[in-house]
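Participant: Protein chains in written order, with my numbering: chain A, 6 to 319; chain B, 7 to 163.
No wet-lab data here; the hints were simulated from the structure.
Be a bit skeptical, because a hint or two may be false.
Calculated Cβ distances over 10 angstroms to all of chain A for the following chain B residues [claimed, not checked]:
1. Asp25
2. Ala57
3. Gly66
4. Glu140
Restraint ranges, calculated between C-beta atoms of paired labels, are given here [stated by the list, open to error]:
5. B:Phe149 to A:Gly237: 19 to 29 angstroms
6. B:Asp25 to A:Lys260: 21 to 31 angstroms
7. A:Gly264 to B:Glu147: 38 to 48 angstroms
Going by beta-carbon spacing under 10 angstroms, a handful of chain A positions derived as facing chain B [what the hints assert, rightly or not]:
8. Thr116
9. Ala127
10. Glu142
11. Thr188
12. Arg200
13. Ser234
14. Gly235
15. Asp236
16. Ser238
17. Gly244
18. Thr257
19. Lys258
20. Pro259
21. Trp261
22. Asp263
Beta carbons: idealized from backbone N, C-alpha and C, even for Gly.
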Amino acid sequence: MEMGVALDSAQPAVDPPQATRTPARPSPLHSQATASCRDGCARPSGGGHAVRSDSLAGLLARAVAARATTDADPHEPAEAAEPLRDVPPAIADGPQISRMSDRRLQRLTVTEHSFKEGKCGARRVEWIFSLDKPAPEDGYIVQQIDTTQSVATCPTVASATTVAVSPFWEAWLVKKGDKVDWTTTRDVWTDGSERSAQPSTNGQLDDFGTIKFFAKSVTGDLGDFGKKSGDGSSDWSPGKEPQSGGLPSTRTKPKWWDGTPVEGPAFRSAKAVWNCCSSKASEHTNVVTRIPAPGVPTPPKSGSTWYLPWTWFD
Amino acid sequence: LTDVSLVQAVSGLTPWPSDRDLSGDEWADYVDAARRLRDAEPREVTRALGAALAADEGTGDNERRLFVLLRVLFDLPRSAPAAQRLVYKGWVNWPAPDDRDEVDLGWPVAWEDDRPRLVAAFEGSMGPRYAAVEEYDSFRERFGFRALPEPSALRSG
C-alpha cells in the first residue's frame, strides 16, 4: 500500500493555507506576533470565512431552544419524513424520542474514547466512529471540520464574535461488512482533537465535526489512509488538508455532502473557553465542553427522554 | 518480542513542548535514543514504535516524542519540493510551502553546527493517531541516518 501522503500545494485553496489551518495565536518560538483578535476580530473580508456569535452561553441557549422546539436537523431537512430504518421498536415507540435522534444514535455512533484537560485552552479528546451495523457496501465515514475561534493576548479581551476557519472534509474507508475503518481497528480510536495551552491569552476555540456515512458508489473512490484515489481527477487526496494527517481529505465541498447519507449525521466537538490573564495562576479558567458528552452514546431506554447537547450553525 | 528498553528510551524523552525549545540535556536524551534506534534492527524498531504508540493512553505524549525523535534520527533535507513531504499526523501548524513551493522536511527540528533546535512549538493536532511506523519506513527508504553528535556534547555542565 502506498503509505504517506504528499502535501498538494497545487490544490485550489479557498484561503491562504496558513490562515486556513492554523489558528491565530502567538508562537513562543517565533518572534513575529500574530494578531489573535487584538483588533476585536473584525469580520474578515476574504472568501471562505464566516462569522458567528457563539459564546458558550449562547450555544447552550440555542441548543436548549432548538431541542425544545424541534428535533429536526437543518443539515438534513429532506430526511425528516423518512420512516425509521432498523430502529428497535422499543426505542422507536418511545413517546418522547425523535426519529432523527433515534436513527443517528442507532446507526452511526460517536463515542468518546479519552479526554484530557489542561490549562489555558489545552484539551485532548479522542473519539471512536462506528456503524452500529455492518456496512452494506464499501463506503466512507466522512467528516466536515468547522473550527471557530476568538483568541486575544492579554490584556485585550477576546471578541465574543468568533471567526470561522474555512471547513475541510476527511474520510475513513469502511469496507463492506465492517463497522469501523481499519485504522480504528489498529489504533482503538478514530479521530482526535488536541490543542495546546495558550498562556497569557483569553478566548475560545471550537473544533466541530459533522459526520456522515456514504456509500462508495456515491462518493467515488476517495482513496484510503495514506493512499491516493485511483481517480486522478479526484479532489481528494491524503495531505490535501494536512490537519487530517494521512486521511484522504479536501477543502472543496463534495457535491454529494448535502445529499442523503446512508447514515448520519452525527456530531462531535471539543470546545475550550479560557481566561489566563490574571497574574495569579489560581484565577485562570479553562472550561472544556465536548460533544458527545461522556456516556451519551448509550441508546435510551424505552419511554425515556433523550437529549443531546447539539449545537448547529445558523 | 518488543525490545522493552527501546520503548522505555522513547517514553523517557521530553515530549515536543508547546512553549519552549528543548534544553541541552533533553536534546542529548533524544540523540541517545536515536543512536539506539539507529543501531537496532528495523523490525525491532517498528515493534518498539508501535508499542510506544499503543502505550500512549490518551495523552499524545508518545506521538510528540516519536515525531521529534525521527527527525533527529534521519538526515532530512531542509528544503525540498512540497510534494516530497509526506504527512503522517495532523498537526495544526504544519507550515505552508514557501514561494518556491518548497518545505523543510525536518520541521520542526533544525540543525546548526551539530546542535538541534526547535523551530516551531507543538500547538495541537487533529485526526487519527500518528503513523510513526509508516513514517519510519518511509524515511528509511528515502533518507539516511544523521551523523549524530555525541550526547555529551549537548549536555549542559
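Participant: Indicate, hint by hint, whether the structure satisfies it.
Facilitator: Results for each hint:
1. Asp25: violated (5 angstroms)
2. Ala57: Given a closest Cβ separation of 13 angstroms, the condition holds.
3. Gly66: violated (6 angstroms)
4. Glu140: The assertion about Glu140 (chain B) is violated, with a minimum of 4 angstroms to chain A.
5. B:Phe149 to A:Gly237: 19 to 29 angstroms: Hint holds: Cβ distance 28 angstroms, inside 19 to 29 angstroms.
6. B:Asp25 to A:Lys260: 21 to 31 angstroms: violated (43 angstroms)
7. A:Gly264 to B:Glu147: 38 to 48 angstroms: holds (40 angstroms)
8. Thr116: violated (14 angstroms)
9. Ala127: holds (8 angstroms)
10. Glu142: violated (23 angstroms)
11. Thr188: holds (5 angstroms)
12. Arg200: holds (4 angstroms)
13. Ser234: Interface hint status for Ser234 (chain A): violated (16 angstroms vs cutoff 10 angstroms).
14. Gly235: violated (19 angstroms)
15. Asp236: violated (19 angstroms)
16. Ser238: It is violated, given that the least Cβ distance between Ser238 (chain A) and chain B is near 18 angstroms, above 10 angstroms.
17. Gly244: holds (5 angstroms)
18. Thr257: Hint violated; Thr257 (chain A) Cβ to chain B Cβ min 18 angstroms, cut 10 angstroms.
19. Lys258: Given a least distance of 18 angstroms, the restraint on Lys258 (chain A) is violated.
20. Pro259: Check failed: Cβ of Pro259 (chain A) comes no nearer than 18 angstroms to chain B, outside 10 angstroms.
21. Trp261: Interface hint status for Trp261 (chain A): violated (21 angstroms vs cutoff 10 angstroms).
22. Asp263: Since the shortest Cβ distance to chain B is 23 angstroms, the answer is violated.
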